[in-house]
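Q: Please construct the entire structure, taking both the sequences and the accompanying hints into account.
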Amino acid sequence: DTGVSQNPRHKITKRGQNVTFRCDPISEHNRLYWYRQTLGQGPEFLTYFQNEAQLEKSRLLSDRFSAERPKGSFSTLEIQRTEQGDSAMYLCASSSQNLGVVNTEAFFGQGTRLTVV
Amino acid sequence: EDKVVQSPLSLVVHEGDTVTLNCSYEVTNFRSLLWYKQEKKAPTFLFMLTSSGIEKKSGRLSSILDKKELFSILNITATQTGDSAIYLCALSGGTSYGKLTFGQGTILTVHP
Chain A
1 DTGVSQNPRH KITKRGQNVT FRCDPISEHN RLYWYRQTLG QGPEFLTYFQ
51 NEAQLEKSRL LSDRFSAERP KGSFSTLEIQ RTEQGDSAMY LCASSSQNLG
101 VVNTEAFFGQ GTRLTVV
Chain B
1 EDKVVQSPLS LVVHEGDTVT LNCSYEVTNF RSLLWYKQEK KAPTFLFMLT
51 SSGIEKKSGR LSSILDKKEL FSILNITATQ TGDSAIYLCA LSGGTSYGKL
101 TFGQGTILTV HP
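In the order they appear, the protein sequences are chains A and B. Counting from 1, one number per residue, gives the positions in the first sequence under this note's numbering. Counting from 1, one number per residue, gives the positions in the second sequence under this note's numbering.
Don't read these hints as lab results, they were simulated from the structure. Even for Gly, the Cβ is constructed at its ideal location relative to N, Cα and C. Don't take each hint at face value.
Stated by the list, open to error - Result set (DSS-like, lysine-lysine): computed pairs, CA atoms no more than 27 Å apart in a straight line: (1) LYS37/B with LYS57/A; (2) LYS57/B with LYS41/B; (3) LYS3/B with LYS57/B; (4) LYS56/B with LYS57/A; (5) LYS67/B with LYS37/B; (6) LYS68/B with LYS37/B; (7) LYS40/B with LYS56/B; (8) LYS56/B with LYS3/B; (9) LYS71/A with LYS11/A; (10) LYS56/B with LYS41/B; (11) LYS40/B with LYS57/B; (12) LYS68/B with LYS3/B; (13) LYS11/A with LYS57/A; (14) LYS40/B with LYS11/A; (15) LYS14/A with LYS71/A; (16) LYS67/B with LYS3/B; (17) LYS57/B with LYS67/B; (18) LYS14/A with LYS41/B; (19) LYS11/A with LYS37/B; (20) LYS11/A with LYS41/B; (21) LYS3/B with LYS37/B; (22) LYS37/B with LYS14/A; (23) LYS68/B with LYS57/A; (24) LYS68/B with LYS56/B.
Said to hold, decoys possible - Just a few of them, taken from the derived set where beta-carbon distance is under 7 Å, the chain B residues facing chain A: (25) PHE30; (26) SER96; (27) LYS99.
Stated by the list, open to error - FRET-style restraints, in silico, Cβ to Cβ: (28) GLN104/B with GLU68/A: 47 to 55 Å; (29) LYS14/A with THR28/B: 19 to 27 Å; (30) GLU68/A with ARG31/B: 25 to 33 Å; (31) GLU68/A with GLY94/B: 24 to 32 Å; (32) ARG31/B with SER73/A: 23 to 31 Å.
A: Shown next, in the form of structure tokens:
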């Protein structure tokens with residue numbers, strides 16, 4: 001499968017615990033995005049990387065959230081001290097963005113559904 | 001702040017009907033508007049629109065953008081039960097060169 005891969009697919013955790021999700025983008029894509037989606041809403045932007053550089057973070061993103069893409073390939077999203085309000089689907093997407101090309105579509109993974117109890 | 005509003009929020013039709021989904025937006029520096037279909041998990045890409053008045057078509061689906069009136073429509077003709085999904089409109093623009101701003105989505109249900 002050459003699409004965007006996310007692990008795990010489901011995660012149930014107790015409030016206060018830390019969780020980490022992984023995303024493997026399409027191999028030739030240099031951009032990687034994280035979104036969060038709650039029931040009845042469209043995906044909400046969290047952050048994105050160009051290669052290994054984190055270029056933008058949503059100002060809605062709590063300091064309990066951190067994302068890395070150390071070698072410009074896979075990425076991890078960590079949530080520390082989880083709260084019930086963190087329960088959501090966490091979606092990763094990737095795209096190929098080259099100099100001089102303004103618009104390219106992003107391809108999404110299947111998501112990780114987080115439930116905080 | 002960029003804004004995307006979709007309507008209707010939900011729609012129930014019978015197979016064979018034609019549907020039109022709407023997406024209006026506000027953005028300071030428009031780059032592109034995208035449509036995605038979301039069935040169970042991952043949104044799947046349908047169309048990307050950058051120019052007004054040029055229809056994009058894929059089978060029974062088509063979409064067009066009006067940059068003057070700031071809206072786009074997604075048409076589905078001869079609907080099938082497999083078209084049942086959430087249809088998401090997303091905007092690329094503003095000061096960010098990375099993020100997409102999504103609308104709430106339209107839930108389409110097609111009955112046999």
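Q: Determine for every hint whether it applies to the structure shown.
A: Hint check:
no. : hint                              : in the structure
1   : LYS37/B with LYS57/A              : holds, 25 Å
2   : LYS57/B with LYS41/B              : holds, 24 Å
3   : LYS3/B with LYS57/B               : holds, 25 Å
4   : LYS56/B with LYS57/A              : violated, 32 Å
5   : LYS67/B with LYS37/B              : holds, 22 Å
6   : LYS68/B with LYS37/B              : holds, 25 Å
7   : LYS40/B with LYS56/B              : holds, 25 Å
8   : LYS56/B with LYS3/B               : holds, 23 Å
9   : LYS71/A with LYS11/A              : holds, 25 Å
10  : LYS56/B with LYS41/B              : holds, 25 Å
11  : LYS40/B with LYS57/B              : holds, 24 Å
12  : LYS68/B with LYS3/B               : holds, 16 Å
13  : LYS11/A with LYS57/A              : holds, 23 Å
14  : LYS40/B with LYS11/A              : holds, 17 Å
15  : LYS14/A with LYS71/A              : violated, 31 Å
16  : LYS67/B with LYS3/B               : holds, 14 Å
17  : LYS57/B with LYS67/B              : holds, 18 Å
18  : LYS14/A with LYS41/B              : holds, 23 Å
19  : LYS11/A with LYS37/B              : holds, 24 Å
20  : LYS11/A with LYS41/B              : holds, 15 Å
21  : LYS3/B with LYS37/B               : holds, 19 Å
22  : LYS37/B with LYS14/A              : violated, 32 Å
23  : LYS68/B with LYS57/A              : violated, 30 Å
24  : LYS68/B with LYS56/B              : holds, 18 Å
25  : PHE30                             : violated, 10 Å
26  : SER96                             : holds, 6 Å
27  : LYS99                             : holds, 4 Å
28  : GLN104/B with GLU68/A: 47 to 55 Å : violated, 30 Å
29  : LYS14/A with THR28/B: 19 to 27 Å  : violated, 43 Å
30  : GLU68/A with ARG31/B: 25 to 33 Å  : holds, 27 Å
31  : GLU68/A with GLY94/B: 24 to 32 Å  : holds, 25 Å
32  : ARG31/B with SER73/A: 23 to 31 Å  : holds, 26 Å
Of the numbered hints listed earlier, those contradicted by the structure are 4, 15, 22, 23, 25, 28 and 29.
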